[in-house]
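Number of protein chains: 2
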Amino acid sequence: MGKEIFMSNPSRRRVYQESGRTRVGMCEVLLTPTKLKDGSYRENSPVRIYDTSGAWSDPSFHGDISLGLPKIRSEWIESRGDTEADEPVKSVEGTPFAGRKILRAKTGVGITQLDFARAGIITPEMEYVAVRENLAAANGIDDMSPDCPRNSLFIQHKGSEVPREITPEFVRSEVAAGRAIIPANINHPELEPMIIGRNFLTKINTNIGNSALASSKEEEVEKLLWSLKWGSDTVMDLSTGREISETRETIIRNCPAPVGTVPLYQALERAGGMVENLTWEIFREVLVEQARQGVDYFTIHAGVLRKFLPAASRRMCGIVSRGGAIMAKWILHNDSENFLYVHWDEICEIAARYDVAFSIGDGLRPGAVADANDEAQFGELKVQGELCKRAWSRGVQVMCEGPGHVPMQMISENMENQLEWCSEAPFYTLGPLVSDIAAGYDHISSAIGGAIIAWKGAAMLCYVTPKEHLSLPGKGDVRTGVVTYKLAAHAADLAKGHPASQYRDNAMSLARVEFRWEDQYNLSLDPDLAREFGGSKRERHCSMCGPRFCSMRANDEIREAFSSD
Amino acid sequence: MGKEIFMSNPSRRRVYQESGRTRVGMCEVLLTPTKLKDGSYRENSPVRIYDTSGAWSDPSFHGDISLGLPKIRSEWIESRGDTEADEPVKSVEGTPFAGRKILRAKTGVGITQLDFARAGIITPEMEYVAVRENLAAANGIDDMSPDCPRNSLFIQHKGSEVPREITPEFVRSEVAAGRAIIPANINHPELEPMIIGRNFLTKINTNIGNSALASSKEEEVEKLLWSLKWGSDTVMDLSTGREISETRETIIRNCPAPVGTVPLYQALERAGGMVENLTWEIFREVLVEQARQGVDYFTIHAGVLRKFLPAASRRMCGIVSRGGAIMAKWILHNDSENFLYVHWDEICEIAARYDVAFSIGDGLRPGAVADANDEAQFGELKVQGELCKRAWSRGVQVMCEGPGHVPMQMISENMENQLEWCSEAPFYTLGPLVSDIAAGYDHISSAIGGAIIAWKGAAMLCYVTPKEHLSLPGKGDVRTGVVTYKLAAHAADLAKGHPASQYRDNAMSLARVEFRWEDQYNLSLDPDLAREFGGSKRERHCSMCGPRFCSMRANDEIREAFSSD
Chain X
29 MGKEIFMSNP SRRRVYQESG RTRVGMCEVL LTPTKLKDGS YRENSPVRIY
79 DTSGAWSDPS FHGDISLGLP KIRSEWIESR GDTEADEPVK SVEGTPFAGR
129 KILRAKTGVG ITQLDFARAG IITPEMEYVA VRENLAAANG IDDMSPDCPR
179 NSLFIQHKGS EVPREITPEF VRSEVAAGRA IIPANINHPE LEPMIIGRNF
229 LTKINTNIGN SALASSKEEE VEKLLWSLKW GSDTVMDLST GREISETRET
279 IIRNCPAPVG TVPLYQALER AGGMVENLTW EIFREVLVEQ ARQGVDYFTI
329 HAGVLRKFLP AASRRMCGIV SRGGAIMAKW ILHNDSENFL YVHWDEICEI
379 AARYDVAFSI GDGLRPGAVA DANDEAQFGE LKVQGELCKR AWSRGVQVMC
429 EGPGHVPMQM ISENMENQLE WCSEAPFYTL GPLVSDIAAG YDHISSAIGG
479 AIIAWKGAAM LCYVTPKEHL SLPGKGDVRT GVVTYKLAAH AADLAKGHPA
529 SQYRDNAMSL ARVEFRWEDQ YNLSLDPDLA REFGGSKRER HCSMCGPRFC
579 SMRANDEIRE AFSSD
Chain V
29 MGKEIFMSNP SRRRVYQESG RTRVGMCEVL LTPTKLKDGS YRENSPVRIY
79 DTSGAWSDPS FHGDISLGLP KIRSEWIESR GDTEADEPVK SVEGTPFAGR
129 KILRAKTGVG ITQLDFARAG IITPEMEYVA VRENLAAANG IDDMSPDCPR
179 NSLFIQHKGS EVPREITPEF VRSEVAAGRA IIPANINHPE LEPMIIGRNF
229 LTKINTNIGN SALASSKEEE VEKLLWSLKW GSDTVMDLST GREISETRET
279 IIRNCPAPVG TVPLYQALER AGGMVENLTW EIFREVLVEQ ARQGVDYFTI
329 HAGVLRKFLP AASRRMCGIV SRGGAIMAKW ILHNDSENFL YVHWDEICEI
379 AARYDVAFSI GDGLRPGAVA DANDEAQFGE LKVQGELCKR AWSRGVQVMC
429 EGPGHVPMQM ISENMENQLE WCSEAPFYTL GPLVSDIAAG YDHISSAIGG
479 AIIAWKGAAM LCYVTPKEHL SLPGKGDVRT GVVTYKLAAH AADLAKGHPA
529 SQYRDNAMSL ARVEFRWEDQ YNLSLDPDLA REFGGSKRER HCSMCGPRFC
579 SMRANDEIRE AFSSD
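Chains as they are written, first to last, in the working numbering: chain X, 29 to 593; chain V, 29 to 593.
No lab work stands behind these hints, which were simulated from the structure alone.
Among the hints, erroneous ones may be present.
In this list, chains with the same sequence are indistinguishable; a pair is considered to hold if it fits within one copy or across any two.
[To be verified] Straight-line Cα separation of at most 20 Å, SDA-like style, residue types lysine to any residue; simulated pairs:
id : residue 1 : residue 2
1  : 503       : 560
2  : 565       : 546
3  : 503       : 557
4  : 31        : 41
5  : 186       : 445
6  : 335       : 590
7  : 186       : 403
8  : 31        : 507
9  : 335       : 589
10 : 503       : 563
11 : 335       : 584
12 : 186       : 401
13 : 565       : 39
Sequences are here, hints too, so could you generate the full structure?
Laid out in structure tokens, this is it:
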């Protein structure tokens with residue numbers, strides 16, 4: 029299992045772009061030539077697109093899961109000289125990765141990307157990110173003007189943000205301001221750095237992980253690879269079943285994307301599944317262990333405070349976040365404040381030592397449109413803002429999680445409040461779902477809300493599959509969820525006017541006009557499905573019109589008639 | 029074939045609500061009781077939802093396609109005494125419907141719903157519509173205040189429009205103002221009247237129809253029934269293949285929803301498929317024939333003027349509308365102005381005699397995001413506005429068609445211009461698709477744009493299936509397209525704050541909280557798929573969390589802890 033998932037399409041190949049200290053992986057889509065009237069051919073330049081597949085799509089990669097990915101960051105991290113050896117992770121002793129070197133920051137030294145950014149230092153991680161985000165440079169576009177003449181391959185409509193070039197210095201300044209994060213644990217050297225922030229490409233996350241009910245370690249690694257193939261930017265391992273540490277170790281060593289977790293889930297398992305047995309000490313132990321494994325960001329539900337529970341209890345759907353419900357129950361049982369809130373500074377210190385970023389959980393997100401934007405939700409959001417500031421003061425990179433179920437007309441208020449209350453920290457939302465009645469179609473209900481909120485400023489969207497609310501997603505559901513979210517994210521990038529984000533749409537549309545069917549498939553978000561639906565055709569008419577009169581073909585005549593205009 | 033498509037779910041039943049001269053069909057979703065702590069049960073009231081299935085879901089209906097649906101409007105139409113017998117439709121002579129009585133307006137008499145509305149007359153059609161739209165009354169909700177207490181089954185967030193009651197007088201006034209249409213050909217007595225306007229529930233249309241390439245009459249009727257089952261509000265028959273008239277006759281006689289066509293398609297077939305042979309006379313003949321058959325609205329591409337062709341020819345994707353391309357080619361070949369524009373007044377007179385509404389085609393809609401909101405598109409939209417006024421002056425009900433491919437940030441401009449230039453005539457859009465690269469997922473790309481534009485004021489959305497741009501949709505694609513669009517339309521209704529549109533979401537969310545799985549399935553937009561994904565379960569935990577700790581179950585404890593608050 030592994031490489032064959034990525035090798036199925038000869039028209040998509042892994043290429044590398046060298047820049048400074050980095051060698052950045054990209055995907056190149058090869059196009060077929062256009063046959064001209066006189067019988068000659070016009071070549072069509074390949075289109076370079078953002079690539080999340082890492083070495084998995086590189087034919088020269090060994091593809092052995094037990095060996096893991098190349099450690100492209102090791103040299104960068106070690107050359108900084110600010111880390112020292114840490115204890116090994118005991119719970120993975122039986123795995124192929126048992127003897128791996130573990131690092132932590134030297135005492136008193138700031139080693140996070142935020143620390144560097146504030147100090148004015150551009151890291152190789154920042155350089156890598158800048159090249160990845162630069163779709164214009166990757167495709168050789170130098171005229172970034174939105175008023176480019178029609179009929180060229182580069183038309184970029186003006187978006188809500190002014191198009192700009194993504195330079196390493198711009199990356200640094202956004203990280204320094206807290207408006208973006210580069211989740212990059214020093215113990216995840218296999219990572220290809222990426223950035224989450226509203227002035228960059230919109231990112232998506234895939235949740236994988238087994239539950240006590242179903243699925244094996246192998247299935248989860250396979251889901252990881254499929255989600256990378258379809259373009260997931262980060263992966264959250266939400267395992268609660270057997271072999272949690274071993275599964276996560278295999279995932280991290282083979283994942284070129286940041287890996288996030290909800291440490292509370294493993295802590296609860298370690299407490300025997302009983303909230304009554306859960307303690308700060310167990311949680312702390314899990315946190316350190318996961319940081320040593322290389323987890324890049326932690327979801328921590330520190331904003332679920334005791335004072336919000338009465339409001340949450342009056343809701344139609346109460347608390348639907350698993351982490352939120354665990355903490356609410358813990359608060360009730362112990363008649364104490366949320367220990368994650370109480371120990372926040374210590375949690376920050378642990379995270380800072382490994383450069384683990386935070387994704388401050390929204391434990392009180394609405395689970396029904398009836399509960400949207402209510403007292404409990406917005407009360408927690410303000411606390412999330414306070415926690416952001418405390419994390420920043422300790423050098424920790426941070427983003428905030430957001431809803432949930434929110435009807436369209438109430439989405440903007442979420443974004444506006446988050447920007448204000450959380451001082452522009454990146455917003456990472458689950459949809460939002462714009463209706464409650466779409467069981468089986470909740471990937472679409474949430475993609476509608478997700479596209480809107482990302483356009484308005486959310487930096488990352490957590491995917492939702494068609495099985496949401498109904499059962500655990502299988503491989504096919506992961507594919508549907510990831511591709512649907514890539515679409516929502518891309519729609520938001522067009523709407524924001526991200527530099528050259530429209531280039532691929534333009535290439536696709538030209539392929540349509542010229543009946544280059546294979547190019548249409550390969551430029552699509554899901555080439556395999558497009559090819560499955562379209563078939564291997566050569567017709568110069570579309571299937572809706574049929575051969576007798578095709579509007580696309582009629583265009584040739586119309587264009588010819590006015591070619592002298 | 030027929031009834032069995034509708035009879036699969038015993039928890040959804042057809043009910044009738046009597047009001048004035050009308051007996052309005054609705055769908056009642058039966059819910060299971062809730063088991064309380066003390067072991068007793070609380071009954072849950074059935075939820076009434078808008079129903080498009082007509083008599084097909086009524087167990088007492090004969091279900092014979094060759095006999096057609098009950099003619100519920102015949103008495104209304106005849107009692108008005110303003111019609112006379114017209115010639116039969118020759119091309120359906122071989123069908124079971126050959127001897128059917130055909131009506132037309134008496135000379136000089138205005139018989140359209142617009143004529144009546146302007147004269148201050150409330151027709152049974154208007155009464156029918158008012159009952160259908162009144163989800164609050166149907167569910168016994170009398171407190172329409174948006175500040176209804178939490179935890180009740182009726183929470184309705186404030187939308188962009190102020191909630192109001194839908195009375196017959198309100199329906200009349202909206203039709204009179206041209207802000208809404210009731211497409212209801214006097215030769216379609218089987219119709220259950222419905223309304224298209226932005227101050228009503230958002231409607232969706234399904235395209236069916238064979239092409240020269242594929243599919244039979246039986247397949248198309250089956251697609252019709254499936255689309256009604258999943259909730260399509262109107263159906264467009266876009267057939268271009270064999271037996272066009274016979275297929276349409278069978279569709280209309282069995283369709284409780286308005287049927288729309290693009291008469292130009294049949295005219296082109298009658299001209300041997302050659303644009304060169306197409307004439308106004310052929311078109312006129314087709315128009316009259318289809319009006320006599322009972323087509324409720326005509327798409328007519330009268331806004332594609334010669335002066336817009338140079339701009340269209342400079343586009344990335346040229347003209348992608350089939351009707352638009354036909355007319356452009358005709359204009360070029362004949363070196364004349366569009367005959368639909370030239371003969372507009374005569375077309376209006378034909379339509380007025382049968383009360384056929386117009387859907388003024390957007391032949392120059394953009395087929396790529398690169399072409400969105402350009403000179404050709406907006407030039408035509410202004411002409412659509414002129415054509416609206418001319419139609420109104422002859423008593424014809426009218427709506428305008430809209431795009432197409434438009435990135436999110438450019439959608440609002442479409443809606444604003446349409447409202448202004450077309451004097452608030454209803455806007456009927458195809459999506460819009462918010463990106464070009466989603467082949468295989470274009471139902472989602474367009475549902476994102478569709479939800480947004482309907483929220484902003486579009487009255488009806490034309491569905492898009494996953495096969496868009498790739499091949500002709502099959503039955504399963506029709507289902508996916510229709511359900512996806514019902515979702516987009518419903519999301520828009522929530523966002524507009526349509527009275528009691530949130531009632532069903534609330535019922536769904538309560539069913540979730542109480543683990544009433546069957547109720548969740550039956551309240552969903554697609555109960556069959558939800559049940560297929562969810563399985564027949566009785567667990568009091570959700571599949572994401574598993575049995576050990578479930579956030580929904582934890583809510584019971586939290587709610588109990590604060591029940592005295």
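Homo-oligomer pair classification [residue 584, residue 335; C-alpha up to 20 Å]: between (68 Å within a copy, 18 Å between copies)
Intra/inter-copy verdict for residue 186 and residue 445 if alpha-carbon distance must be at most 20 Å: Intra 25 Å, inter 18 Å, cutoff 20 Å: inter-copy only.
Alpha-carbon proximity between residue 186 and residue 401, which holds within one copy, between copies, both or neither at 20 Å: Answer is between; shortest inter-copy Cα gap is 12 Å, intra-copy 31 Å.
Within, between, both or neither: residue 31, residue 507 at alpha-carbon 20 Å: Result: close within a single copy only, 17 Å intra versus 35 Å inter.
Alpha-carbon proximity between residue 186 and residue 403, which holds within one copy, between copies, both or neither at 20 Å: between (37 Å within a copy, 16 Å between copies)
Alpha-carbon proximity context of residue 503 and residue 557, limit 20 Å: both (14 Å within a copy, 18 Å between copies)
Up to 20 Å CA-CA - residue 560 versus residue 503, copy category: both (17 Å within a copy, 17 Å between copies)
Intra- versus inter-copy proximity for residue 546 and residue 565 (alpha-carbon distance at most 20 Å): within (8 Å within a copy, 44 Å between copies)
Alpha-carbon proximity context of residue 335 and residue 590, limit 20 Å: Cα proximity of residue 335 and residue 590: across copies only (11 Å, versus 70 Å in one copy).
Within, between, both or neither, where residue 503 and residue 563 count as close if Cα-Cα is 20 Å or less: Between copies, since 18 Å is at most 20 Å while 23 Å is not.
Intra/inter-copy verdict for residue 565 and residue 39 if alpha-carbon distance must be at most 20 Å: Close inside one copy (17 Å), not across copies (45 Å); limit 20 Å.
Intra/inter-copy verdict for residue 31 and residue 41 if alpha-carbon distance must be at most 20 Å: within (13 Å within a copy, 51 Å between copies)
The structure fails none of the hints (numbered hints given earlier).
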